[in-house]
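*Asks:* Residues per chain are reported as follows:
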Amino acid sequence: MDSRLTGAKHLLPRRLTLSAAALSLMAASVFSQFAVADAANTTGLAVTDTTVTVGQLHSATGTMAISETGSIQAERLAIDQINASGGILGRQIEVIQEDGASDWPTFAEKAKKLLESDKVAAVFGCWTSASRKAVLPIFEKDNGLLYYPTFYEGLEQSKNVIYTGQEATQQILASLDWIAKEKGAKTFYLLGSDYIWPRTSMKIARKHIENVLGGKVVGEEYYPLGNTQFGSLTNKIKLKKPDVVFAAVVGGSNVAFYKQLKAAGITSDKQTLLTISVTEDEMLGIGGENMKGFYSSMKYFQTLDNPNNNKFVAEFKAKYGKDSVIGDVTQAGYLGPWLWKAAVEKAGSFDVNKVVAASPGIELTTAPEGYVKVHENHHLWSKARIAEIQADGTFTVVHESELIEPNPFPKGYQ
Amino acid sequence: MKNAYESLLGGKQGAIGLLVLAVLILVVFPLALDSFRLSMVGKYLTYAFVAVGLVLCWGYGGILSLGQGIFFGLGGYCMAMFLKLEASDPESTKIQSTPGIPDFMDWNQITELPMMWQPFHSFSFTLLAVLAVPTLLALVIGIAMFKRRVGDVYFSIVTQAIAAILTILIIGQQGLTGGVNGITDLRTLNGWDIRDDSSKLILYFVNAALLIGCVLLGRFVLTSKLGRLLMAMRDKEERVRFSGYDVASFKIFVFCLAAAFSAIGGAMFALQVGFMSPSFVGIVPSIEMVIFAAVGGRMSLLGAVYGTLLVSFGKTYFSESFPELWLYLMGGLFIVVVMYFPNGLAGLWESHGRKWLSRFALGNKVFGQSVVKARVMSPVKVATPQPSRELETTP
Amino acid sequence: MDVSLSEFGAIAIMQGFNGLSVFCVLLLMALGLAIIFGQMGVINMAHGEFLTVGAYTTYVISSLTLQYFPAMQPYYFFFAIIAAFVIAGALGWLVESLMISKLYHRPLDTLLATWGLSLVMQQAFRSIFGAREVGAEMPAWIMGSWAPSEAIDIPRNGLFVMGLTLLCTVTIFLMLYRSRWGLQVRATMQNRVMSRAVGINTKKVDRMTFALGCGVAGVAGAAFTTIGSTGPTAGSLYIVDTFLTVVFGGAASLVGTIASAFSIAQAQSLMEFFLSGSMAKVLTLSAVILILMVRPQGLFSSKVRK
Amino acid sequence: MNSPAGFQAAKPVLSIEGLSVSFDGFKAVDNLNLYVDRNEVHVVIGPNGAGKTTLLDLICGKTKATAGSIDFDGRELSKMREYDIVRAGVGRKFQNPSIYENLTVFENLEMSYPKGRKVFGALFFKRSAEVIARVEEVAAEIFLSELLDMQADLLSHGQKQWLEIGMLLMQDPALLMLDEPVAGMSVSERVQTAELLNRISQGRSVLVIEHDMEFVKSIAHRVTVLHQGTVLAEGSMEAVQSNPKVIEVYLGH
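Protein chains in written order, with UniProt numbering: chain D, 1 to 414; chain L, 1 to 395; chain Y, 1 to 306; chain C, 1 to 253.
Calculated from the structure, these hints are not laboratory results.
Some hints could be false.
Claimed, not checked - No more than 25 Å apart at the CA atoms, straight line, and that leaves these computed lysine-lysine pairs for BS3-like: (1) L/Lys236 with C/Lys126; (2) L/Lys94 with D/Lys411; (3) L/Lys147 with C/Lys11; (4) L/Lys236 with C/Lys79; (5) L/Lys147 with C/Lys115; (6) L/Lys94 with D/Lys203; (7) L/Lys94 with D/Lys159; (8) L/Lys315 with D/Lys119; (9) L/Lys236 with C/Lys62; (10) L/Lys94 with D/Lys207; (11) D/Lys141 with L/Lys94; (12) L/Lys43 with D/Lys119; (13) C/Lys126 with L/Lys12; (14) C/Lys79 with L/Lys147; (15) L/Lys147 with L/Lys236; (16) L/Lys236 with C/Lys64; (17) D/Lys186 with D/Lys241; (18) L/Lys236 with C/Lys115; (19) D/Lys141 with L/Lys43.
Isolated chain D, as found in the complex (with noise of 0.2 Å):
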């Protein structure tokens, strides 16, 4: 008589064996997969005799893939490299990618796919501090092994994170000193989008300004993620005067912001900027023209001439075209999966824990940035480089600090 007892009758049943199907199957794929368990891998990831399985974890959708394309492309020429050399501990390297969408609850969700239908061994990825944020609790409960390519605000030290960017201490202050000796800088203005990456950053600016190099913050500053409208800013720039602009502005609204900063006059000739936010990535949209003769401090930079990155600039653009660029995190995408394989390999086992305890000391002279090393709080150690922006749009270095020691939680900058 009614419909929806007729429904349940026949709906029911089919629900059931459709997600039956499903689950055996996906069961099926996961025991033909984890059927090894030998020396290498005594916990249960996806390890085979040929084969070994990671996760890539980025968003390829949504407002953020602008800036993690690079990382997933550079991990990605990471992974074909170390295979076509033979793997990892004789097995090639095989990925799962996963679109983290901008989202960071995807991430999360993602993140727990990653650890545990798919049981990778390692997983390179994320790009923002929020996403990083959404997948660490995850990574810690399931103990799975995450290498993080961008540079970011430190306060963080988990062990099952491999920070290959800098962490803020690293980036800010080799530069800041630089800065204060070349240009004699003592009035500072900061600025930055409203997140907990610049303002930390700021912080550590602030009290690196005020209590070692003696000088004074003129005005520090917070726009919204997306603002375009700069114009109040560039005035009190005018009005402050300050020797040095210290800015942290990211996405969309770099562009504004140095666009408008040409238009109100505040040019190189006049103004000293320093930017911890631009790299070749952005630069794409900014226009070389635009920001011409102010400064970038990174640890890596496409133009760096060394053998190593001479190599990587080839192969990059051999095999993402002649018009790709490469950029800090970029690089620093790529060192991800080479310091997971040299772990690997001194431990001689794909167990997170045992990853894990290799890799401090874990070099890499192959590095494209020239040498880094895994300290033992998961950071690299690396150097800062300050470069001069062309009207070209690339970056030439005008200066290279000694490798500086990572520092996540600083003393006297918290």
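Chains L, Y and C: place on chain D using the hints.
*Replies:* Leaving out everything else, chains L, Y and C in the frame of chain D:
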């Protein structure tokens, strides 16, 4: 007793519809899905609270709020604040400069727990706040807008702007709120580890039960005189006003109710997913939740739940398999549903599903409608692209 | 801080100009919307994407010019503006005939359907132009500043946008209030049935109006490349601001839109100068909403018996 | 609400004095005085744009007056909110039948039953025997007893007009205002409606706007002619019809 049966379960037909849903989410999913997929369903079901609320205030009340994320977010934040305080005991935060406060506060040089956070040490206060804070905000917005007869698209745009403001505020006050990152790494609820598979299962059932409770409450409202008034208002607001009703108060009520539902969803989200971030407060998630309701059927409480599940599954599936296609699909789906199937899945079910079933299963038996409800019911006309103005058989 | 009086004056002048320039940007973005929402009652959530269409058009034309007619580079921008108008307008025409025309009298549904459209358009941009932001190479005369005195720098792109805004506003005014078409638009808005009865092709009027609104959005997008960046989601950033501007002004009033763009821009610009950027945004939006609560019909609205 | 008839016959139930309203400078109602007595059927006529509907809007609170007072049974309506005015005992029918088309006749009437008018009252409203009895009583009065379970959009135009009148009767108002109650009705329906009005004016006052002079003649106790927002003439139908000013502006056409 009879009365409750009619108003809560919607007679035999409604009761069976509800039973199917209950069996699906309480029995089938937990049995058929592994813990990973099940916790995904759990997450989707938290969005369903919002969609159910939207059926009440948009489908029946004609009030399209594009800011339901506000309430989902506030509910979630209230719960997350409590959980974060519990996760920030002095022992586990001893590496901080100020142990015992949430980690992001420490990063922002805050050395003392802010006033706003103090009461969230208490679980009972938190439970109260989860409901009260969003509902009170909805009340304020509702009074301000509806008493002054700001309606229709104006209301939609204003709620959207409020969602934008709240997002900027949360992001800007990162010492208080965790900023863009949100409040992360939530661990225990009164000492009970919410990250275990077993506790996740329990939370899933709590969530599902609460959702069914909200559907029941929604039905109670819709089958009451208030439900008829809502629809009457949507179609003939003047007539209702000049029949002696304070139209605004009904709109405020249903808007607050939808806000409270959303808030419960948000709190359950924080519990199940283990974090809360401003990305749930803004404009995009708010409109996505409208999609859920639209696809499921804006006039159907059960449809909203199915719509949420279906769209969310689709999102996960397509963004895994064809990330490029996903936005085309989502956008296209939305356009098609709004233009050609304004009553969504529920409408299709009424017009085609039933017929198909009857031919298939019952042969020549005729479908009857329960006699008591006949006064409210009428067949849904799906042929016209206009959203059907009739009250559904099973709201 | 050592700031001389003359410098302070210069900065005041520049700040004043900045307010004007924000006003012009806001107005240019809101104009198209004001026509569509105000005259047709249609909520076009994809308005921002039509803006983006204009911006990408400019980008494409800039690239083509550089490649094939490098000598024309200084002048391509005028051509780009016209092309942006035509392409965005044509797209609007198409959208109106395929989608909007089926949804009149269902304003809330139009809102939702156009939001779906905005998703589709954003992904289309991504598929065609890639996810990265692109920058159109600007002719040199638009970039940089004009310095009437030592201390004053007036952005040339600001001046350019101002001129463009003035042109668009005047043109639209003339079209709406002096042309036969404008008369038809206003007649249709006031009484659709009657207009049809006296022989106005209301369908055509609707389509024209919508296309015009989208075309103006395209122009705004072209102008916007001189100030900001062009990416798949660039347009969606402005949609809330733009809608609030129109609603705040009073939906059916072009003068209202201008007044509201002016007050919002000045408030924002002034608060940005004295507070931080984020707070300025929050305060401006909140103020607009508070005022809307007191005056739900917006700044300018006519009282009529309904 | 329903005061006993003739008890204080001297005092009109509705006294409008000096009422004015303007829309952007246009005076739709200008310094108008109008009185409605108890148990009186008072008809307002006038050419289009005379301000008839605006007058009803002003009384029922839909439009706020710029100046003047509207006294209803000792209460000042011009300061009250719409629903309070209704609750005070003023019911109004709109020009186009305004009913809930997807509800049944029964439900339409029930909606106007003056109980459960507040949020929680409506939430816990019960369809008691009392309610049913009242609905059936009113339905009989408006000739719709047989059609209680019919969906309202299936009614004829005239029946819809009756239904709306019935919805007002449910509230048992002391003053009933009808805007063109017989528009679109057949001749026999008009006769029935006139009969209905005469019946329901027992015990309450009725203010009617109407164009149909035959109908007006059959119901009006008193007629007021409005022109350009002011009273042009007032009196019995015969008196008004013979008034030269009225003939000039209205009837003479």
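*Asks:* Each of the hints needs a verdict: does it hold here or not?
*Replies:* Going through the hints against the structure:
{"no.": "1", "hint": "L/Lys236 with C/Lys126", "verdict": "23 Å, holds"}
{"no.": "2", "hint": "L/Lys94 with D/Lys411", "verdict": "15 Å, holds"}
{"no.": "3", "hint": "L/Lys147 with C/Lys11", "verdict": "35 Å, violated"}
{"no.": "4", "hint": "L/Lys236 with C/Lys79", "verdict": "24 Å, holds"}
{"no.": "5", "hint": "L/Lys147 with C/Lys115", "verdict": "22 Å, holds"}
{"no.": "6", "hint": "L/Lys94 with D/Lys203", "verdict": "22 Å, holds"}
{"no.": "7", "hint": "L/Lys94 with D/Lys159", "verdict": "17 Å, holds"}
{"no.": "8", "hint": "L/Lys315 with D/Lys119", "verdict": "23 Å, holds"}
{"no.": "9", "hint": "L/Lys236 with C/Lys62", "verdict": "14 Å, holds"}
{"no.": "10", "hint": "L/Lys94 with D/Lys207", "verdict": "23 Å, holds"}
{"no.": "11", "hint": "D/Lys141 with L/Lys94", "verdict": "20 Å, holds"}
{"no.": "12", "hint": "L/Lys43 with D/Lys119", "verdict": "22 Å, holds"}
{"no.": "13", "hint": "C/Lys126 with L/Lys12", "verdict": "20 Å, holds"}
{"no.": "14", "hint": "C/Lys79 with L/Lys147", "verdict": "16 Å, holds"}
{"no.": "15", "hint": "L/Lys147 with L/Lys236", "verdict": "17 Å, holds"}
{"no.": "16", "hint": "L/Lys236 with C/Lys64", "verdict": "21 Å, holds"}
{"no.": "17", "hint": "D/Lys186 with D/Lys241", "verdict": "11 Å, holds"}
{"no.": "18", "hint": "L/Lys236 with C/Lys115", "verdict": "19 Å, holds"}
{"no.": "19", "hint": "D/Lys141 with L/Lys43", "verdict": "19 Å, holds"}
Figure legend: structure checked against the earlier numbered hints; the only hint not met is number 3.
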